[in-house]
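*Asks:* Model the placement of chain Z on the given structure of chain B, informed by the hints.
Chains as they are written, first to last, in our numbering: chain B, 868 to 1209; chain Z, 42 to 244.
The hints are simulated quantities; they were obtained by calculation from the structure and are not laboratory data. Ideal Cβ placement from N, Cα and C applies to all residues, glycine included. It is possible that part of the hints are untrue.
Taking lysine-lysine pairs in the DSBU-like style, the calculated list, with each CA pair at most 35 Å apart, reads [what the hints assert, rightly or not]:
#1 B:K1010 / B:K936
#2 B:K887 / Z:K152
#3 B:K1183 / Z:K211
#4 Z:K206 / B:K1010
#5 Z:K211 / B:K1010
#6 Z:K171 / Z:K152
#7 Z:K124 / B:K950
#8 B:K1183 / Z:K206
#9 B:K1010 / Z:K124
#10 B:K1183 / Z:K171
#11 B:K1010 / Z:K208
#12 Z:K208 / B:K1183
Reference excerpt, derived from the structure (chain Z facing chain B, CB under 10 Å, subset only) [stated by the list, open to error]:
#13 T65
#14 N68
#15 L74
#16 T82
#17 A84
#18 I86
#19 W87
#20 L90
#21 E93
#22 F94
#23 T98
#24 A106
#25 L110
#26 L112
#27 T170
Here are some chain B residues the structure puts well away from chain Z; computed CB gaps all over 10 Å [said to hold, decoys possible]:
#28 I891
#29 V909
#30 L915
#31 L954
#32 A991
#33 Y998
#34 D1048
#35 P1084
#36 V1095
#37 G1104
#38 M1105
#39 A1167
#40 Y1172
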Amino acid sequence: MIEIQGFFGPLWLLVWTLAKIVAIIVPLLLGVAYLTYAERKVIGYMQLRIGPNRVGFKGLIQPLADGLKLMMKEIIVPSGANKFLFLLAPVLSMAPALLAWAVVPFTPQMVLANIDASLLFIMAVTSMGVYGVIVAGWASNSKYAFLGAMRSAAQIVSYEIAMGFALVGVLMAAQSLNLVDIVNAQQGGFWHWYWLPLLPLFLVYLISGVAETNRAPFDVDEGESEIVAGFHVEYSGMAFAVFFLAEYANMILVATLTALMFLGGWEPPVAVAPFTWVPPLFWLLGKIAFVLFLFLWFRATFPRYRYDQIMRLGWKVFIPVTLVWLMVMGAVMQTPYGYLFH
Amino acid sequence: MSFVTLVFYAFSAILLASAVGVVTARNTVHAVLLLVLAFVTAAGIWLLLEAEFLAITLVLVYVGAVTVLFLFVVMTIDINIEKLRAGFWNYLPLSLGVGVLMAVEMVLALKSRGFDAIASSHPAGYSNTKELGRLLYTDYVYPFEIAAVILLVAMIAAIAITMRKRKTTKYQNPAQQVSVRREDRVRLISMPSERRGAAEGDE
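Only chain B is shown next, with the shape it has when bound in the complex (with noise of 0.2 Å):
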C-alpha cells in the first residue's frame, strides 16, 4: 500500500478517492441491472408467470442483454424539441441519483465522505432530481411528456415535505445528521431500531419513498394508460436507459436510508453469537434487498393512485401524521420517558 502511495505521491489524494468512488458506483450499477432483473421475476411469479428465463441460466443474463440492447438504438430528437436540454435531462436525471452515495455509510468505517450533516445533504441532492423529469417534459416538445412532467413535479415537492418531516424525527431521536451517528444511536436489538419508536413516521417514509421515486401505485407521471410514459416518451436508446438507471438507483438509495434511519443499518437484529458473526456488510445488504423487495410487492400489488388521491395522502395526511408525531416526541422527551425515543 504504502509502495503504491509512493508512485502516485501528490496525487494519491485524487487516485485513492477514485477508486473508492469506483468501488461504490460499479456495484450500484450492477444492483440496478439486476433490480430490473429482479423485479421481472418476481412480479412474474407474483402474477403466476416465469419471467424472464431464455438468456443464459434462468435468464441471468437478461439485464445485460437489456442493456446492450438499448446502447444499438437509436436517440430520435423529436422536431420541435430542445436539443441541448432534451439531450441534457437524462444527465439532470441521473447525476443526483449517484452523487448522493458520496455520503452513503456502508459499515462505520466503509463511507466515501462522513460528513457531519449527511442526512441534510441527501436531502438537498435528492431534491434536485426533479430537474431531470422537468426539463425532460419541457424540452420534449410533447403534451404527453409535457404533462407527465407536470404531474411528476407537484407530486415529489408535496411528497418531499412529508420525508422531511419524517427525517426531522430522526434527527431528533438521534440527536445528529450524521448518518453513521443515527445507525449507531439505534444499537441493541431490533426494538431499539427507530422503526418501532417512530412507526408512524417510518411508515411515512416508506411510503413517500414510493412516491419520490415515481414508482407504482403513485407512477401518474408515466401512467401507461393515460399518458402513454409520461415525461420520457419522446426518450430512446441509451437516452431513456438513463432515466431507468436513475430511478432504480433512486429506489436502492431510498431504501438504504430507509435501512439506515429505521432498521437498524449494519446492526444485527439481536446482539448474540450466531447473529454477530455475519459481517456488518451483509445486514446492511439485507435490509436493502427486504426493503426493495417491499417496493416491487407494492408495485404487483396496488392499482394505481388517481391523481388527486395522490394529492390529498401527501398534503392532508401524511404532512399532518409527521407533524403530530413530532410534537408527540418533543412532549414525551421533555418527560422521564423520554428514553422511549432514543
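*Replies:* Same frame as chain B, but now just chain Z:
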C-alpha cells in the same frame, strides 16, 4: 494561489456568468435553469466558507422547492420576449442606479465588519451549524421568531386569497366513502322465483 482560492475563482466566474445569463437569456426556461446554476455555485462558495448548513439549505429550499415551482409556472406561460425587451434602454439608467446602490450598501455592510475576517482561524471541532443554531435561539431569538410569524401570516394570506369555493366544484369525501356499508348501496328483496312454471314449460 492555493487550491481553495482557485476553486473560489472558478465558482465565482460560473456564478457571475450564470447570473448575467439569467437576465439576458432569450428563453425564460433557460433563464430559470441558469438561476438554478447560480444558486448551486453560490452554495459551493458558502461551502468554502465552512457554512455547510447555509449552503445545503440554499440548495434544499431554493433549488429543490422554490425554483421548481417557478419553472412550473414559467413553462406554462407564453411570454413574448420581444415585448418585454421593448423598454430595455429606457429602464437601463434606473436599474444601473439601483444596482450600484445595492453594491455600495453591501460593500459598506461587509467593510464595517472587516473584509478579511473570514473562516480560516476556527479551532478544531468548530461547527458552523451549531454556532448558527445557538445564535438563532439565544441572541436573535425574537427577530427570528418574528420573521417566522411574518412568513406564516404571508403564507396563510396567500392561501386565503386563492381559496375560492365554487358551487359547481365536485369533490369526494373520503371519510364518507370509507364508512359506506352494504345496506346503503344494496337492497336485498326476498321474493319467490317467478320463472318456475315457465322453465318447466320450456323443457
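*Asks:* All hints, please: hold or fail.
*Replies:* Tested hints:
no., hint, verdict
1, B:K1010 / B:K936, "holds (28 Å)"
2, B:K887 / Z:K152, "violated (43 Å)"
3, B:K1183 / Z:K211, "holds (18 Å)"
4, Z:K206 / B:K1010, "holds (29 Å)"
5, Z:K211 / B:K1010, "holds (26 Å)"
6, Z:K171 / Z:K152, "holds (26 Å)"
7, Z:K124 / B:K950, "holds (26 Å)"
8, B:K1183 / Z:K206, "holds (18 Å)"
9, B:K1010 / Z:K124, "holds (26 Å)"
10, B:K1183 / Z:K171, "holds (33 Å)"
11, B:K1010 / Z:K208, "holds (30 Å)"
12, Z:K208 / B:K1183, "holds (22 Å)"
13, T65, "violated (17 Å)"
14, N68, "holds (8 Å)"
15, L74, "holds (7 Å)"
16, T82, "violated (13 Å)"
17, A84, "holds (8 Å)"
18, I86, "violated (15 Å)"
19, W87, "violated (12 Å)"
20, L90, "violated (15 Å)"
21, E93, "holds (5 Å)"
22, F94, "holds (6 Å)"
23, T98, "holds (8 Å)"
24, A106, "holds (6 Å)"
25, L110, "holds (7 Å)"
26, L112, "holds (6 Å)"
27, T170, "holds (6 Å)"
28, I891, "holds (21 Å)"
29, V909, "holds (30 Å)"
30, L915, "holds (31 Å)"
31, L954, "holds (14 Å)"
32, A991, "violated (4 Å)"
33, Y998, "violated (7 Å)"
34, D1048, "holds (13 Å)"
35, P1084, "holds (16 Å)"
36, V1095, "holds (19 Å)"
37, G1104, "holds (24 Å)"
38, M1105, "holds (22 Å)"
39, A1167, "holds (24 Å)"
40, Y1172, "holds (12 Å)"
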